[in-house]
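Residue numbers (the numbering used here): 512 to 754.
What the hints contain is simulated information worked out from the structure, not anything from laboratory work.
Don't take every hint at face value.
35 Å max Cα-Cα, derived DSBU-like pairs, lysine-lysine [stated by the list, open to error]:
no.	residue 1	residue 2
1	Lys672	Lys724
2	Lys672	Lys556
3	Lys688	Lys724
4	Lys672	Lys688
Simulated restraints, written as ranges between beta carbons of each label pair [stated by the list, open to error]:
no.	residue 1	residue 2	range
5	Val596	Ser517	17 to 23 Å
6	Arg694	Arg523	24 to 30 Å
7	His684	Asp568	19 to 25 Å
Backbone N, C-alpha and C fix where the C-beta goes; we use that ideal spot for every residue, glycine too.
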Amino acid sequence: TSVTLSGVATDRNRNLRHVRLHALRGFWRNWTLRSDAAVLELFRKEPLLGEARLRPDGSWTFTWNNPQAGFYNVVALAEDAEGLVGYSNVIRVTVGLQDLARGAIATASSTSQWGDPLAAAIDGDPHTMWWSDNDRPDPQWLMLDLGAERTIGAVSVLWWKAYATDYTVEVSHDAQKWREVARVTGRGRYEGDMDILRFEPVQARYIRLHCTKRAVTWQAYTVFEFGVWEDSPAIRLVPSERQ
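Assemble the whole structure, with the sequences as input and the hints as a guide.
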């Protein structure tokens, strides 16, 4: 198995020296708020995946051979001949895992008229999202019909700033009787991060994200991606376990 990543690095003096790829530990956006010195020190400690093939026009390609299955947060670091460094946005790379939410049928307690269609929460695009209606009372929920009974052992939730500080994950055979399999209370401040919740594997056709407490007052709940995963040793966040 191999993963190929590509991009373009620019330098006004056209003296780029190399592009290196790193897998980030810790929160996947808050490093952009640090000083340049702190960022450089951070990347000296981050796992180096390797150096990309850099072309004269600044385009680059990196082939990552035999990665272990899991979730990765990858950043490209470009350096010129004078030692000046620039870094890319973070790319979420999923290797060797099947998201059961893809192709599911989604329903929700509400959907804002100002947001994307409800299916945006399971379309695989981290730039589209489900917005619940801010005028509706809590609790609010997002439910998926997987089409058949499946083994479920983990979920992932990629929030925007309007996230749930308290929520549960529930499963059902008939969408009538629900069983709680995971609970989050007092979730901390937004860092652009993804929650990955593991639980004892269960058989279920329906799964529901049940939100009970809002982090902000100006919006209810916004979810970029709601992922559903089978139980597997591969269900882990690499190199850290919680984003």
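How the hints compare with the structure:
1. Lys672 <-> Lys724: holds, 14 Å
2. Lys672 <-> Lys556: holds, 29 Å
3. Lys688 <-> Lys724: holds, 22 Å
4. Lys672 <-> Lys688: Since the Cα atoms of lysine 672 and lysine 688 sit roughly 31 Å apart, the hinted pair holds (cutoff 35 Å).
5. Val596 <-> Ser517: 17 to 23 Å: holds, 20 Å
6. Arg694 <-> Arg523: 24 to 30 Å: Taking Cβ atoms as reference, arginine 694 and arginine 523 lie about 51 Å apart, which means the hint is violated.
7. His684 <-> Asp568: 19 to 25 Å: Violated, since histidine 684 and aspartate 568 (Cβ atoms, about 56 Å apart) do not stay within the stated range.
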